[in-house]
Each structure stands twice: as structure tokens, then as C-alpha cells.
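*Asks:* With the hints as constraints, model all of the structure from the sequences given.
So the sequences go chain by chain: A and B. Just so we're aligned, residue 1 is where the first sequence starts under my numbering, counting upward by one. Just so we're aligned, residue 1 is where the second sequence starts under my numbering, counting upward by one.
Honestly, I wouldn't trust all of these hints.
Said to hold, decoys possible - Label pairs and their computed distance ranges (CB to CB):
| no. | chain 1 | residue 1 | chain 2 | residue 2 | range |
| --- | --- | --- | --- | --- | --- |
| 1 | A | N116 | B | G161 | 38 to 44 Å |
| 2 | B | N157 | A | D25 | 39 to 45 Å |
| 3 | B | R136 | A | I20 | 55 to 61 Å |
| 4 | A | P117 | B | F162 | 41 to 47 Å |
Hints listed in this document are in silico derivations from the structure and should not be mistaken for laboratory results. No residue lacks a Cβ here, since even glycine has one placed at the ideal position from N, Cα and C.
One-letter residues, chain by chain:
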Amino acid sequence: MGIIKFFIIFLHANTRIRLIKTIIDILKQRVHIMIRPGEFTWLKGGIALALVAAIATILVKPIGVSTQFVVTDTIIWKTFDKDIVQVTEKDGKQHYSSPNDYINKARGSYAHSASNPINYSFVFVLSMMLGAMLSSIFGGPKATKEEKQVPEAFQKRYGFNPKKRYLFAFIGGVFTLFGARMAGGCTSGHMISGMLQTAVSGYVFAFGVFLVAIPTALLVYGMKKKA
Amino acid sequence: MEILLAIILGAAFGAVLQRIGATNPNHIIDMLKLTDMKLAKTIFMAIGLASIIVFTVNAISPQTVHFSVKAAYLGVLVGGMIFGIGFAVGGLCPGTSLSSAAEGRKDAVFFIIGGLLGSWLFAIAYEHIKTTDIYRTSLGGKSALAEGVFRHGHEYNAIFGFMSGTVTAVVIGIIFIIIAAKLPNALRKED
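*Replies:* Written as C-alpha cells, this is what we have:
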């Protein structure tokens, strides 16, 4: 019986898809018994986030994300300009450097990471994406097709306009990462990780962010839609 | 071993970000508009509790926690303010944008492309600003509020150095948790 089923899977693509869907459904039901679907409350979500951030800090190092944008930039840059990462051997050890001052920073650590992407921080970020994907499949809050293009908060002010939303998101990305690199960290590195360590830099960063972000959000999204 | 931890902790972090709704730009925009404070409550709770856990472990077993305190300099404030513009306009931040894209949000992909450009522009700009006040002016350097924060056997400067770091951190942690609990769900009404 098992063998016959095995063959059917390989014969019909549709059956295979149906079987995979069934398996996912069964897994979903199992997950739903353990954890209720939908968004966590602030208390449950706060506890879950605290555990992840604390365990990472205790066992390996505080969580950080924005550095990996620079590492990815360097990986892309390398394919256009081979000289951007330079390797020299000294005493059997490889030393990484770069003609770009920023990538050369901290003894070429960005150049080193870009040449060896299988390192803790880079894998952490890739795995973070996998975790978010699995969470949205297994019980996490689901976005509608429209929401996946234009979030409701944007629609309220500007209507359903994907092109405009993509432009805003793009501009947001440019400013956010430029600022994060100037500050030496982002929401994860400075706010969550920094403040949990009682780091002064975390407080300075959070102060700067909200000082500007609140009036900006009110200006860009706060006003009633012009009829 | 470290890679295994990267996979487990990374996946857990991504899943939690998705589950608390941080990958949803609505929550960030509404939080900044002060009309929905749930995400702020969650983050206050997370920072407060994580601080208590980390400093309790640090008290039981000194110098085992992998602390890493970043320096505070003028660029942290200015960079934070520039970050604030993008954070509000985009409704995403570096970590949540990657998780948002992974759950199928198309706008997050544009944020990531913008982010790669923004961080590259900074790499270009760095040589022009590395000798300016942005990096010269220290706002406290690598210091923490609590004492006993060690890394490689070296202790960071403590602002409240006259009292036990565990006490400082636990008091701050409790204050954060109280803020999380007491903060209303909305500070202002939708226009």
C-alpha cells in the first residue's frame, strides 16, 4: 500500500501537491493545538521576544541585523569590482582588507564576512527570514493579497496605490539603513539588544528615532485623506 | 555549534517578530501615529524582562554573558534621527523588512532594495564623515547604566557605578514592564 502511494506521488504532480497540502494542514492543526493562531498579545509576545533576545545575548551575542545589509552590499559589490575585498596571507592566516574605508573597518570584518557568509550573524538573519515565513504559514497573522502590496495605514491616507507605496518603502529603506549605519545599529542592535544591556547608546538611539519618527508619521500618515 | 544556534535563534526571532505583528507596517505606522500602542507595549515588555533575565544570569555566573555594548557618539543620535524618517515613511525597520518580505509582502522587498542602497551610500560617505564631529563627539562612549557588564574580562563604564548592576538592571526592567502594562492601547484617536 505504502509503495503504491509512493508511485502515485511520482506519477501525478497534482496528487503530490495535494499530499503536501494535507501534510501542512495536519502540521498546522498540531501547531494550533499547542499555540493559538493569530497575533500574540503584548504580554505573550513580549515574553517570547524577551526569551529569544536574552538567550541569544547569554549564549552567543546580542541580536543585530543592519550590519548584514553592509555584508550583502559587499557581496554584491565584489561581483562588480573584485578589488573591493583584498586577501593577504600572513603567517598562514588570511587577512581581509578593502580600499573602501567603511568595509575596511574593524580590521576588515565586513570584507571577511562577505567572503565567508557562513558565519553566525549572516546565517542568523537568513534563518530569521525562514522563521517568519514558517510562522505565517503555521498560525501567525496572515496578510491579505492587498495588504501584501499596500498596508491599510497607507491606504487610509493615499488609497490603494501600490506604485506609490513601493516608492515610499524604497525611500524608507534608504533613510533607515543610512541612519542605522551611521548610528552603528538598528532597532534590534541598539533598541532591543542595547537597552536590555542598559547601554547608553541604546537610549540615545531610541531618543533620536522617536523624536523624529513620531512627527514624521503624523505628517505623512496622520492627516485625513483628502476627499 | 555556533551555526546551529544561529539557525535556531534566528528562526525563533523571525517567528516571534511575525507573531507579535512587527512585520506588519500598519502596526509600526499606527504606533508612531500613537493610535495603536500594542507593539510599543510588547517591546517594553520584551526589553524589561530580557534585561532582568540577562542580569540575573550575570549575577549567578559572572562574566559568562556575552555582552556587547556599542559606543554612544553624536552619530548615534543623528543616525537615529535619519533612521526615524525612514522608519516612519516605510513603516519597516531592517529586521522586520526582511521578515516581512519572507512572509510575502511585496512592499518590503522595495524597502530592502532601498536599504541596500542606503547602507552602500553610507559606505561611500564614511570616508568623508569619519573625521567629523559625527564620530568625534562622544555621548558617553561604550558605557552602560548598570555595573558588572563584562566583555573579554573588561568592564564597561557604569553610570550607576555606586550600586549593584543587578539591582540597577532589575529596577529598570521592572519600570519597563510597568510601562508595558500601564501604557494605554492608544494615546490619541484616529483622525
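*Asks:* State for each hint whether it applies.
*Replies:* Do the hints match the structure? See the list:
1. Checked against the hint of 38 to 44 Å, the pair A/N116 and B/G161 passes, with Cβ atoms roughly 39 Å apart.
2. Between B/N157 and A/D25 the beta carbon distance is about 55 Å. The supplied range of 39 to 45 Å is therefore violated.
3. Take B/R136 and A/I20: their Cβ atoms lie about 58 Å apart, and the range 55 to 61 Å holds.
4. In this structure the supplied range 41 to 47 Å holds for A/P117 paired with B/F162, their Cβ-Cβ distance being about 45 Å.
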